[in-house]
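For the protein sequence lines, the chains are W and S, in the order given. Here the working numbering is used: position 109 in the first sequence is 119, and no number is missing along the way. Here the working numbering is used: position 117 in the second sequence is 127, and no number is missing along the way.
Treat the hints with care, as some may be off.
In silico DSS-like links for lysine-lysine, alpha-carbon gap of 30 Å or less [stated by the list, open to error]:
#1 S:77 x S:28
#2 S:117 x S:35
#3 W:148 x S:158
#4 W:77 x S:117
#5 W:117 x W:135
#6 W:158 x W:22
#7 S:135 x W:140
#8 S:158 x W:25
#9 W:140 x S:45
#10 W:45 x W:117
#11 S:121 x W:135
#12 W:135 x S:45
#13 S:45 x S:25
#14 S:35 x W:166
#15 S:163 x W:148
#16 S:163 x W:135
#17 W:28 x S:166
#18 W:22 x S:28
#19 W:158 x S:140
#20 S:140 x W:22
#21 W:148 x S:144
#22 S:166 x S:144
#23 W:121 x S:25
#24 W:45 x S:166
#25 S:28 x W:117
#26 S:35 x S:25
#27 W:77 x W:25
#28 W:77 x W:28
#29 S:45 x S:35
#30 W:77 x S:77
#31 W:22 x S:22
#32 W:22 x S:166
#33 S:121 x S:144
#34 W:121 x S:121
No lab work stands behind these hints, which were simulated from the structure alone.
There are 2 protein chains.
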Amino acid sequence: MEIYNHTYYITKAVKLAKQGIESGKGGPFGAIIVKNGAIIGEGCNMVTSQNDPTAHAEIVAIRNACKALNSFQLSGCTIYASCEPCPMCLGAIYWARPAQLIYACTKEDAKAIGFDDQFIYEELKLPMGKRSIKTLQKGRDIALEVFKLWEQKEDKTEY
Amino acid sequence: MEIYNHTYYITKAVKLAKQGIESGKGGPFGAIIVKNGAIIGEGCNMVTSQNDPTAHAEIVAIRNACKALNSFQLSGCTIYASCEPCPMCLGAIYWARPAQLIYACTKEDAKAIGFDDQFIYEELKLPMGKRSIKTLQKGRDIALEVFKLWEQKEDKTEY
Chain W
11 MEIYNHTYYI
21 TKAVKLAKQG
31 IESGKGGPFG
41 AIIVKNGAII
51 GEGCNMVTSQ
61 NDPTAHAEIV
71 AIRNACKALN
81 SFQLSGCTIY
91 ASCEPCPMCL
101 GAIYWARPAQ
111 LIYACTKEDA
121 KAIGFDDQFI
131 YEELKLPMGK
141 RSIKTLQKGR
151 DIALEVFKLW
161 EQKEDKTEY
Chain S
11 MEIYNHTYYI
21 TKAVKLAKQG
31 IESGKGGPFG
41 AIIVKNGAII
51 GEGCNMVTSQ
61 NDPTAHAEIV
71 AIRNACKALN
81 SFQLSGCTIY
91 ASCEPCPMCL
101 GAIYWARPAQ
111 LIYACTKEDA
121 KAIGFDDQFI
131 YEELKLPMGK
141 RSIKTLQKGR
151 DIALEVFKLW
161 EQKEDKTEY
């Protein structure tokens with residue numbers, strides 16, 4: 011049961027974005043994660059202050075929320091993000107499996123202030139040989155042997 | 011200048027994948043990052059042991075390599091991954107901006123042992139309203155105000 015409405019929580023996420031700029035942590039993005047009305051994780055962009063290109067607000071919030079839940083899944087949670095997630099963050103959201111995603115600005119809004127997520131969306135659609143980062147395949151035979159070990163492992167934790 | 015060839019480094023990445031399974035850290039994936047012939051970061055999947063759905067081998071390796079370089083960019087680096095990166099990891103790779111990506115197994119190989127990255131690729135292509143995670147837009151007006159603050163900020167670090 012959510013005590014407040016979406017506007018209440020998205021306003022919190024936007025406030026984190028603002029605080030992130032003011033404190034020099036990184037870009038203008040914030041995110042919070044809510045379960046049963048309680049905020050269980052939050053984050054703002056910390057790419058430049060932490061020297062971590064993966065420290066987008068959503069990733070930071072997901073990691074914090076999972077720590078709080080002691081789980082690698084965000085079942086029943088809602089993610090509030092001050093901007094439409096980039097492909098990296100959307101991928102993380104799919105792996106975390108929350109119930110819902112609410113975002114404020116669009117990727118077009120982000121592009122207008124210099125964050126070109128759209129470029130990555132376009133790259134993902136291209137075949138390997140046409141991508142801007144040179145990409146090659148090597149060593150599939152030896153890597154497949156390790157995949158077989160995983161298949162055969164009896165006490166594994168699936169995710 | 012790379013002292014060894016791609017086979018040498020991809021074998022190292024695959025070895026990390028194997029060690030990750032054996033030590034119970036997570037799924038069968040490993041990655042290393044090389045600059046001027048030196049391994050500057052490595053990682054294996056640690057999703058289940060760390061309760062972190064973002065702890066894929068590539069993300070772990072990128073964070074470690076960036077820490078080593080004291081930079082949020084992997085300019086001139088090569089990422090070796092024991093499997094074709096998922097959309098989350100590919101997104102992270104684009105943000106980190108390495109020179110090159112070498113991978114071993116394909117996403118089809120991963121699907122065959124239970125890791126369905128393809129599902130996320132398909133979801134990313136869908137409009138918001140058709141995605142399996144319920145997605146809504148709220149509060150764009152207040153979030154745009156924070157984007158304006160970013161535009162106006164004079165001492166910002168762009169990334």
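Results for each hint:
1. S:77 x S:28: 24 Å, holds
2. S:117 x S:35: Roughly 21 Å between the alpha carbons, so the hint for residue 117 of chain S and residue 35 of chain S holds.
3. W:148 x S:158: Status violated; Cα separation ~45 Å.
4. W:77 x S:117: 28 Å, holds
5. W:117 x W:135: Answer holds: residue 117 of chain W to residue 135 of chain W is near 17 Å, not above 30 Å.
6. W:158 x W:22: 46 Å, violated
7. S:135 x W:140: Holds. Residue 135 of chain S to residue 140 of chain W sits at ~18 Å (cutoff 30 Å).
8. S:158 x W:25: 14 Å, holds
9. W:140 x S:45: Holds, because 23 Å separates the two Cα atoms, which is no more than 30 Å.
10. W:45 x W:117: Roughly 26 Å separates the two Cα atoms, so the pair holds.
11. S:121 x W:135: 19 Å, holds
12. W:135 x S:45: 28 Å, holds
13. S:45 x S:25: Given pair residue 45 of chain S, residue 25 of chain S holds - Cα atoms ~19 Å apart, limit 30 Å.
14. S:35 x W:166: Holds, at roughly 10 Å.
15. S:163 x W:148: 45 Å, violated
16. S:163 x W:135: 34 Å, violated
17. W:28 x S:166: OK: residue 28 of chain W and residue 166 of chain S at ~13 Å, within 30 Å.
18. W:22 x S:28: 42 Å, violated
19. W:158 x S:140: Status violated; Cα separation ~35 Å.
20. S:140 x W:22: It holds: about 27 Å lies between the C-alpha atoms, which stays within 30 Å.
21. W:148 x S:144: It is violated: about 38 Å lies between the C-alpha atoms, which goes past 30 Å.
22. S:166 x S:144: Violated, because 34 Å separates the two Cα atoms, which is more than 30 Å.
23. W:121 x S:25: 40 Å, violated
24. W:45 x S:166: Violated - the C-alpha atoms of residue 166 of chain S and residue 45 of chain W are around 34 Å apart, more than 30 Å.
25. S:28 x W:117: 38 Å, violated
26. S:35 x S:25: With Cα atoms ~14 Å apart, residue 35 of chain S and residue 25 of chain S stay inside 30 Å; holds.
27. W:77 x W:25: Answer holds: residue 77 of chain W to residue 25 of chain W is near 22 Å, not above 30 Å.
28. W:77 x W:28: 24 Å, holds
29. S:45 x S:35: 26 Å, holds
30. W:77 x S:77: Judged against 30 Å, a Cα distance of about 22 Å means the pair holds.
31. W:22 x S:22: 44 Å, violated
32. W:22 x S:166: Holds: residue 22 of chain W and residue 166 of chain S sit about 23 Å apart, inside 30 Å.
33. S:121 x S:144: 24 Å, holds
34. W:121 x S:121: Not satisfied, since the Cα-Cα distance of roughly 33 Å exceeds 30 Å.
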